[in-house]
Amino acid sequence: MVHSQETAHEADDHHPSPRTYIKIAIILAIVTAIEVVFSYIPGAEPGLIVTGLIVMAFIKFVLVALYFMHLRFDNRLFRRLFVTGVVLALIVFAVYLATLFGRGGAAPLITGS
Amino acid sequence: MAASEAPAVPAHEEHYTSTGLDNVKMAMWAFLGSECLFFGSLISTYLLYRNRVLDGPTPAEIYDIPYTSVSSFVLLMSSLTMVLALASIQRRDMRGCRIWLLATAMLGMIFIGGQIYEFTAFVEEGLKISTSTFGSSFFVMTGFHGAHVTVGIFMLLALFGMSLFGRLDFDDGPRKVELIGLYWHFVDIVWIVIFTVVYLVPTN
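So the protein sequences, as listed, match chains V and X. Anchor point for the first sequence: position 11 equals 71 in this note's numbering, and the numbering is continuous, going up by one each time. Anchor point for the second sequence: position 83 equals 84 in this note's numbering, and the numbering is continuous, going up by one each time.
Since the hints were derived computationally from the structure, they do not count as laboratory data. Certain hints may be false.
[Unchecked claim] Here chain X is said to cover these stretches of chain V; the calculated rule only asks that three of the stretch's residues, wherever they fall, bring their Cβ under 8 Å from a Cβ of chain X:
(1) 76 to 83
(2) 111 to 117
(3) 131 to 139
(4) 144 to 154
For each residue, glycine too, the CB sits at the ideal point set by N, CA and C.
Start from the sequences and build out the full structure, keeping to the hints where you can.
The structure is reproduced here in structure tokens:
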């Protein structure tokens, strides 16, 4: 018990320095700028744009979770709790997609104003 | 018992479980895990309905990407100021912690102000919550996110107030700032997904 309490305190002591936080924030800002520019590329394959945007969003998501939320440094149990939520959310998303394509609802209904 | 053999007593009250972890922090992570499901459902619903517009403007007609990009940048930078607040209080720098907490709350308010402006502009352009299923799913999803940011701002201001009245000490303070910080970063993470999936991914 005492050992595990010490482990928990040790994890707190290994948080990154402010310099690391600033580096991560700069990377996040750069990736966001690339995302916006990427979404404006004229004549690009939509599938390529969507894949690229999702990859960049994933990078930002992981950087914030690992460094700003300290999942990289904290106890693994916290990581598992959070990842469980994310995986369940992805399952919900998959079920929605299955519903969408299962009823043939993928066809757009856009008519506009 | 000699002083050197005395058991270590935590300087502040932390509620440890059999895992040796702070159970309040554990509860916060469990809550954030459940919030993933909540926002996952809202985002999925939006993706299902965003092309189903029988009346009113379509997503491509109404979104202002440069404007939303600035809002996203503001929220991302608020995550930086939040971790700097935590780093300050861990270094026993209460003044720095107050400044960064206030900066985080201010950036959050700028984001919310931007969202209110965006909603107002959308309503003026003919997109209301009842206009189409696209409008309903968009306003519900971004509205709930905005509500989460607003709750976060109140919690940050509460922390700032506690620091002014001596209720945020160097023993238990870092833990409180970290817990509120986890919530704030989660709100930022959700926006990272919303910004990409809702605003940047092209519609049909």
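Against the structure, the hints:
1. Given as covered by chain X, the stretch 76 to 83 of chain V passes the check, having 4 residues with a CB less than 8 Å from a CB of that chain where 3 are the minimum.
2. Counting residues of the stretch 111 to 117 of chain V whose CB lies closer than 8 Å to any CB of chain X gives 4, so the stated coverage by that chain holds, three being the minimum.
3. With a threshold of 8 Å between beta carbons, the proposed coverage of the stretch 131 to 139 of chain V by chain X holds, since 3 of its residues qualify and at least three are required.
4. Counting residues of the stretch 144 to 154 of chain V whose beta carbon lies closer than 8 Å to any beta carbon of chain X gives 8, which meets the minimum of three for the stated coverage.
When each numbered hint is compared with the structure, no violation occurs for any of them.
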